[in-house]
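Colleague: Here's the letter readout for the chains.
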Amino acid sequence: MAALVSQDDKSKDLESGVNASAAVLPTKNGRVAGKDQLSPFASVKLSVFLMCLMALTILIGAGVPQESQGGQEKVFEVFGNQTAEWLVRLGISDIYHSPWFLALTATLTLNMIVVSFQRVFPKLKLLKNSLPFFRGQDILKLPVHHCLTLAKADEQTALISDLSVRLTKMGYKVKAEGSKLKGEYGVVGRLAPSVTHVGLLTLLLGITITSWTGFTGFQPVLLDEKLNFSDSQHSKLWIGSLPKWQVRVDATRRENYPGGQAKQWFSNLSVVDDKGKVLHQGEISVNNPLTYESVDIYQSSWGLAKVAVSFNGHVRQLDLRPMGEKYACFLPLDQDTVLIMSLASEGKSLRVFAKRREWQAPKLISEIQSGKSIKLGDVDVVFEKAIPVTGLQYKRDPGLPITYLAFGIIMIGVLLAAVPHRHVWVAFEESRLYIGGTSRKAKVGFERSIENLVEKLKGSFTLQEQLDQGEQANV
Amino acid sequence: MSDFQLYLTNTAGLSSVASFWVFVASNGTKRFNSIALKVANGVMLLGFIALTVAIITRGIEAQRFPLANLYESLLWFAWATMGGFLYLCRSYGIQQLGWLASLLAATMFLYGSWLPQSQHDISPLVPALVSYWRQIHVPPLIVSYAMFFLAGLSGLLNLWQSGRLRSLAFCVGTIIAASSAIGLGTFSKVDTQWLQLLFVASSVLGPFLAFRSLSVQDAAIEQSKAAKKNAEMYDDVGYRCVAIGFPLLTIGIITGGLWANHAWGSYWSWDPKESMALVTWLSYAAYIHLRIQRDLSAEKLSIVSVIGLLLTLLTYLGFNSLGFGGLHSYGKFK
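Protein sequences, first through last, are from chains A and B. Take the first sequence: its position 86, counted from the start at 1, is 86 in the numbering used here, and no numbers get skipped. Numbers in the numbering used here are just positions in the second sequence, counted from 1, shifted up by 1000.
Isolated chain A (complex conformation) (with noise of 0.2 Å):
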């Protein structure tokens, strides 16, 4: 990606000013590379091409359901057969996994690389340069001037003075010579598509350092099981290897609100070794992970996975379905019969319905508290518990350090984008004082402050505004 302010300020803000351009551009000393000394690669059209293609190429994937995160099913429901086929075939229903998107990136950082280092990081050399002092004939070419009459000439020396002061106090830097002045502000800006393509360049080394070492995963585990990593769903490890040590689930629990929606989940975790021995514990929750050995573990969902119920003394664990913000399960008694069990979370008593076919709805047979029975004909029914599961996300990632100090430097980089650097340079010749500028961003900011300053300067002096060559033309 190119510059944010990729083109340093002098070569185009002073476009103006023909001679002071000529004056304070360092381009031929062989520090900055010429056009023609540039690969194609370094071109920031190609830059804002491959940008375009890109957030285009993301917007379609952004619009289509990924295989990724709802699986191929959720394609063929959203567009139907015809469609989802062309789209599974074309790789949009899997755009950032697809040859086409990887080509993408790998120009885009590419692009990023060339730019930053032949075209971006080059212009901080040209920091070194300080600008000359400009004549007032250089001053009437900038984009910002104003020529202003004298009457009483041995004010020349107070007016510089106070002009002096004046800009110091906007901010500028101000430097002097004889009678004139230069003045520069927000010099810190200029830094900013360097210090963000430094961001740009060590997010790329932070995810590279991540997706070669690191590794991430899902399982679900129901209470009192362990995770066991190398049997969990978890992306490829090109390096390094998996942990041995696993984590068991000792308790799980939901906290609901008083209207009994769910505020948070709670896991309290031990990390044992192959033997049983624990080595860490602690309790996690959304937003609150626990870390062992740079391993991260974190509350990733929740529910009830199954509800032990004994039919007669014989026990048995049902699998749960979620079902809106309850749980169910199903027990097929006959062709045209189901047992329902329900259940809106835990410590909620087990509602038992049955549906027959040419019954509308399920009919509620009863209401079991945990640890009670109840007689279903001849057959005894003992709610005996249920069974949460969490889901347990889990990652490595030793490219972390890296990719945040990454985002800590683009965030200052794109700050420092916001400040708008400025120049000022003063002139007094022959009862006349020139003083004018360039800004390159806030450029109507830029000229109100300008003029203001023309107007206090009024205000203490004998100075009389003098009308540009086209202006008096006009007039």
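Hints may be right or wrong, so weigh each one.
What the hints assert, rightly or not - Computed list of lysine to aspartate or glutamate pairs in DMTMM-like fashion (alpha-carbon distance at most 20 Å, straight line):
(1) A/K355 x A/D334
(2) A/K263 x B/D1191
(3) B/K1225 x A/E447
(4) B/K1225 x A/E451
(5) A/K141 x B/E1232
(6) A/K169 x A/E451
(7) A/K306 x A/E384
(8) A/K458 x A/E447
(9) A/K277 x A/D224
(10) A/K263 x B/E1232
(11) A/K306 x A/E225
(12) A/K244 x A/D319
(13) A/K236 x A/D94
(14) B/K1228 x A/E447
(15) A/K74 x B/E1232
(16) B/K1229 x A/D334
(17) B/K1229 x A/E447
(18) A/K226 x A/E283
(19) A/K175 x A/E429
(20) A/K244 x A/D274
(21) A/K326 x A/D250
Stated by the list, open to error - Facing chain A, a subset of chain B residues (Cβ under 10 Å, in silico):
(22) S1091
(23) S1123
(24) Y1239
(25) I1251
(26) K1273
(27) E1274
(28) M1276
(29) V1279
Keep in mind the hints are simulated off the structure, nothing from the lab. Glycine is no exception: its CB is placed at the ideal position from the N, C-alpha and C atoms.
Starting from the known structure of chain A, fit chain B onto it as the hints suggest.
Modeller: Positioned in the frame of chain A, the structure of chain B alone reads:
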């Protein structure tokens, strides 16, 4: 929601409507123009103060940071729009942006007021939102969206002042069509596929026709020096808005990544909403590069800023109202 908070929010909403009409009326009178503009600005300031207090009051009532659902985000958006305009007005002395900014704020108030009562009520947070990251991640994004909207509106004014009236008409038509799709997606039962088509087709066709029509220029406006000066100013204002919005969007995306990593162990998951935020980021990154390289004229950049506005609209409201899923479905209420 307490009566006091409702009263403050209504005051802010009515202020935005009132300031819109006063801004519009100020164009009808040369004699009272400056007084009317001062009144309009004053009313806008009143609304801004009322909304600031309303948001703080809501936070105190809810005993949490008051930015957790679509309604609350709309209040923040309107607040940022009003505050952004007042800042620009103070910095640039611009007035014509006032009626567009107040119209935008009023539209957001109206949109928010039509949401179901459950959105207005202070409701408990889902587990994923119980985090200090919420107040770090969301406000920069909402403020950046408001600044991008103001940049797009400045683009419209630039087209107007540069005499590109046909291009302006296409851009305005596109924004109306896209906004209608969002409105219908939120409040009606129209098939979302048709609305997606309306949004996408208008967003592609409108800017394309606007680009093609840039050669058509109103002769009277073209010769006006004042209009040319104003056009330059709106161009500068638009860039200023992007220069403020872009770092905020970057911070919002990055802090979102940090939060996701903290909560789920992954700072990027190609969720539709975060993908859209990246699309918006890329489009404004392209805008900034084009601007710095000066490859495009101010009028063309104005149309680019309108495209940015449409992408921001899609990111902020479109993905929830036009039937796209994802992890960021807290704004949904259907």
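Colleague: Compare the structure with the hints numbered earlier in the document and write down the numbers of the violated ones, lowest to highest.
Modeller: 2, 10, 12, 15, 16, 21
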